[in-house]
Every structure is written in structure tokens, then in C-alpha cells.
Amino acid sequence: MKDFMLIFIGKEYTDLGLSPEQMQERMGKWFAWSQKMEKQGIVKHGEALHPVVRQISGPNRTVTDRTAAELKEIVGGYYMIKAKDLDAACAIAQDFPDFDLGNTVEVREVMVFDNF
Amino acid sequence: MQEQQVIDHLFRHQYGKMVSILTRIFGFKNFELIEDAVQDTFAKATVQWRTKIPENPEAWFTTASKNRVIDLLRKIDADKNRIEKLNYSASAISFTNLFEKEEIQDSELRMIFTACHPELNANDQIAFALKTIGGFSTSEIAAALLIKPETVKKRLTRAKKTIVDRNIDFRFPSKDRLQERLYIVLEVIYLIFNEGFHSNHKKLLVRKELCGEGLRLTKMILSKQELRCGASYALFSLMCFHSSRLETKIDSDFNSINLKNQDRTKWYFPLINLGYNALEKAEDYLDFSAYHLEAAIAAEHVKAKTFEETNWEKILELYSQLQENDKNAVISLSMAIVFIQLQQPEKALEILEEVCPSILGQRSYLYYGVKAKYYQSTGDIGAAINSLNTAITKVANQVEKAYLIKKRDVLLTL
Numbered sequence: 001m002k003d004f005m006l007i008f009i010g011k012e013y014t015d016l017g018l019s020p021e022q023m024q025e026r027m028g029k030w031f032a033w034s035q036k037m038e039k040q041g042i043v044k045h046g047e048a049l050h051p052v053v054r055q056i057s058g059p060n061r062t063v064t065d066r067t068a069a070e071l072k073e074i075v076g077g078y079y080m081i082k083a084k085d086l087d088a089a090c091a092i093a094q095d096f097p098d099f100d101l102g103n104t105v106e107v108r109e110v111m112v113f114d115n116f
Numbered sequence: 001m002q003e004q005q006v007i008d009h010l011f012r013h014q015y016g017k018m019v020s021i022l023t024r025i026f027g028f029k030n031f032e033l034i035e036d037a038v039q040d041t042f043a044k045a046t047v048q049w050r051t052k053i054p055e056n057p058e059a060w061f062t063t064a065s066k067n068r069v070i071d072l073l074r075k076i077d078a079d080k081n082r083i084e085k086l087n088y089s090a091s092a093i094s095f096t097n098l099f100e101k102e103e104i105q106d107s108e109l110r111m112i113f114t115a116c117h118p119e120l121n122a123n124d125q126i127a128f129a130l131k132t133i134g135g136f137s138t139s140e141i142a143a144a145l146l147i148k149p150e151t152v153k154k155r156l157t158r159a160k161k162t163i164v165d166r167n168i169d170f171r172f173p174s175k176d177r178l179q180e181r182l183y184i185v186l187e188v189i190y191l192i193f194n195e196g197f198h199s200n201h202k203k204l205l206v207r208k209e210l211c212g213e214g215l216r217l218t219k220m221i222l223s224k225q226e227l228r229c230g231a232s233y234a235l236f237s238l239m240c241f242h243s244s245r246l247e248t249k250i251d252s253d254f255n256s257i258n259l260k261n262q263d264r265t266k267w268y269f270p271l272i273n274l275g276y277n278a279l280e281k282a283e284d285y286l287d288f289s290a291y292h293l294e295a296a297i298a299a300e301h302v303k304a305k306t307f308e309e310t311n312w313e314k315i316l317e318l319y320s321q322l323q324e325n326d327k328n329a330v331i332s333l334s335m336a337i338v339f340i341q342l343q344q345p346e347k348a349l350e351i352l353e354e355v356c357p358s359i360l361g362q363r364s365y366l367y368y369g370v371k372a373k374y375y376q377s378t379g380d381i382g383a384a385i386n387s388l389n390t391a392i393t394k395v396a397n398q399v400e401k402a403y404l405i406k407k408r409d410v411l412l413t414l
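Protein sequences, first through last, are from chains A and B.
Taking the working numbering, the leading residue of the first sequence gets 1, the next gets one more, and so forth.
Taking the working numbering, the leading residue of the second sequence gets 1, the next gets one more, and so forth.
Quick caveat, the hints were computed from the structure, so don't treat them as lab data.
Glycine residues also receive a C-beta, built at the ideal position from the N, C-alpha and C atoms.
Derived contacts from chain A toward chain B, CB cut-off under 10 Å, selection only: (1) Thr14; (2) Glu21; (3) Gln22; (4) Glu25; (5) Gly28; (6) Trp30; (7) Phe31; (8) Trp33; (9) Val43; (10) Gly46.
Non-contacting residues of chain B with respect to chain A, defined by C-beta distances greater than 10 Å in every case (computed): (11) Leu72; (12) Thr96; (13) Arg181; (14) Tyr190; (15) Leu259; (16) Phe288; (17) Ile340; (18) Glu354; (19) Ser377; (20) Thr390.
Calculated cross-link-like contacts (lysine to aspartate or glutamate; reagent style EDC-like; alpha-carbon spacing at most 20 Å): (21) Lys11/A / Asp40/B; (22) Lys52/B / Glu38/A; (23) Lys52/B / Asp95/A; (24) Lys153/B / Asp15/A; (25) Lys44/B / Glu32/B; (26) Lys44/B / Asp98/A; (27) Lys52/B / Asp98/A; (28) Lys44/B / Asp15/A; (29) Lys44/B / Glu47/A; (30) Lys11/A / Asp36/B; (31) Lys44/B / Glu73/A; (32) Lys203/B / Glu25/A; (33) Lys44/B / Glu25/A; (34) Lys29/A / Asp8/B; (35) Lys36/A / Glu47/A; (36) Lys52/B / Glu25/A.
Work out the full structure, taking the sequences as your base and the hints as a guide.
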């Protein structure tokens, strides 16, 4: 088993103007997904990220405050999961609930260092 | 781990509750801030509840809205003046009490009365009520009422502006005006319900939601002693009877099915029983309304086990009473149909001749539809086809159009 990180990228619900009803529906889908993964013992952990973004970049360490609305896409959260290989991890990501909103899942394998 | 599910529409209904409480505390001046704050709370719940749904979701929202009040106080930059004002307006009731169940409901009722304030334009009332109490989004209102989202936006903006400009208070009307204002509220709820029931929206879900909202709002009205009266019970009864057959009004291909051909075994009987109970309760009060008569007509329809067993004489009598109070063209058309059922086409014609179809506006196709029925009952198939053709050119709704075309094509094969 290897460790993978599923990174959720896209638009924030509030910026998409989802209604309370639609939010509840989304929440239900996420809940079902997390229940499913929990039962299968796939998830190690996960977090959701606050939509406030402060970027520090360049040699001058320029600090920019960005709101989620300004950015086309932001990282909304991640899951650390266990899977056999990249294909299996991608199969797990199929249940990500927000594909229809144009959001993306990035699947990345966690690098394992050699201990000599 | 236990599988926990959140009750249907919880978010939507909580939206109305939270907006109402916050408006009661902060007033309409801060309405936009309030709406944003509530929206944020939902976004938060959506993320936080992904892995674990709180044991008591409703309580979670109540606490969240309390915390929002504190955030908002900071945001509004609470100067002394402001705090004094707040203390004053909430003096009769402590801050914490405002979040008790009864007071939350009280806030919601205040919102209903504000949304249905006579100073507001009738169209704006419906949109504003759906948004603030129903928790519908702009696009959901647009979809439900079959209008453009921009139109909804305009109506909502105008409603908010009217409320602020005219300084409309967020409270119940005074005792001497309560009855009169309640009747406007009931009228708005009735219109919301009818939008669902008579709409030919392709999605049954949308229709159900509007009808459901009408029922929920009426229930809310009935929860308060002072608002119970014959009219509110009768309206509830009417909505129960109608809702019981909502599912059978349309087939799987979205074709409308008329009363004659609906599968009566699929009518939802628990709702019918609720309807009878409410109608009985309505009679305990002195006031009498058109809803009483409409509910009684609906009751006659659901009472009949088959279409043929319908008591048309009784229905005719009820329609005549309705007509006495409110002479309108739609009632006339219904009466004409009853006369056709009673095999008195000459009486039907008499009524039809008094109706000027242009008064029906967009619904003038109904007039030609009934006229066709009249001709058909007298055996004049040619004239019936002509009338249906006129109806087809006048109807805007595709589902109704398909229904009329089908009817005409049947006549063409005769």
C-alpha cells in the first residue's frame, strides 16, 4: 500500500452562488463519500482549507492578499489516502462530488525516501 | 459509525430561520450583510459536516447564528448609539431568548408579514417570501416561477428597497389590522401554492417544492393562536386536497392528465384526511372565506371514488356561492364545465357568452378549451376542432399545448 494525496482544486461554493438546498445536497454527497472511505479504511486524514489566501512570492517575498473570488481556482482541501497504486487512487477519486461544478482532483503519490 | 442523514430541506428552512432572527436583531438596514453572513454559515456547514454531521444539526445552526450575531456586531462597527438602539429594540426579550424555538418561529412569522406587506408589489411579495422565508436562491425562484433570473433579482431588490424606504417595521400588525393583514399573507401563500400546483413545470420536484412551501407556511401560520381562523384552516385544507393528487396530474412523459383520467388509487390519502380535519376545524370559527368554498369543491372531487360518481350538483352550488363573492372569469369557466358534466350545454353556453376571453390574458386558451368541450357535448365536432385550434395558437406552455393538440387529433379521427 502506498500513500496518496488527493488535492481538491476549484471554485468555492459561495462564489458559485449555490443555494442552501444545493449546499445540503453537496454536503450529503461528501458525507457519503467520506463514510465509504472510512469503512474501507482508506483515509488517513484530511482537512478543509479556509478560503482566505495570502501569497508570498519572489525574491522580494512580496505578500499579496487574495480572495477566493479573485482566484479562478484555489485548493479547498485534501485527503491523505492509502491505495495500491496511482490507478487505484484515481479510482477512489471518482467519487469526488464536485466534478460537475468544474472542480478538479489532483492525485499525487507521497514520495518515500530511501533510508540507507 | 452510525449513518446519519440530515432531514430534507434542512438547510433551506434554516436559512429562513437565521435570516429572520438576524433581521429581528439588526433590522433591514443591514439586510445584505445578514444574507451574506448566513450564506457563509452554510458554506461552513457544508465543509464541516462532510466527515461528521453534528448530533443536533438544528442546534448547530442556532449556535452558529448566535455567533454570527457577535461577528456582525463587530462588523457593523457597533458604536454607542447602535448598541443603545439594539438594547432598546430587544428590551422586552433577552438576547438568549431570541434563539428559543418559540421566538425563532415568531421571527419567521414577522418575516412573513413583512414580505406580504401591502406596500410591496404583489409579484415582489412572492419572490421575497420565497427567498427570505423559503430559502430559495434567485435561480431556484426563477426556475420555479418560470421567469428570468434577472427578473427575480429586480423583484428582490425592489422589495428590499421598498421595505427600507418606507421604513416597514419588522413586527406583527396591530390587533385592529391583524385580520386584514393575515388575509394578504394567506393570499400570497395561496399564490405560491398555485404556482406549484397549476404550473406545468417539467420537473415534478419543482412543483412539489412550491406546494410544500405553501403547506409549510400555512402550518407556520396555524402554529400561532392569534392567526388561527376559518380562512387559515380552510386554506390549509384546500392545499392538502390538491397536494394529494399532485403526483397523478402528469404522466411519465410530462403530459397533463385531466381529473377524469387520473389514477384515483394513487391519490395520497393521509393528506386527504388532513384536509378533512382542517376543513372541520375551519368551521369552528366565525369567519368565512373563498378558501372554504374552494376546499369544499376540492373535497367533493376527492370524495368521488370514480369520475362518474362526482357530485356535480353540489359542486355547482359551491361554485355559484364563490361566484357571488367574486365574479371572475376562471370561476365562470369552471361552472361552464360543471354544466357540461350535468348535460346542460345550453346553460354552459349562457355562461361562456358572458365571458370575454381577452380578460383571461395569457390563460385565454382555457376559454377556447372549454368552448371546444361545449361544442363536443352538442355533437358539433367541426366547431370543437376550430376552438381547439384557437386554443393551440394562444397557449404558451408546451405541456398544455401538447395536451390540446392530442385532444384535437382525437377529434380529427372521429
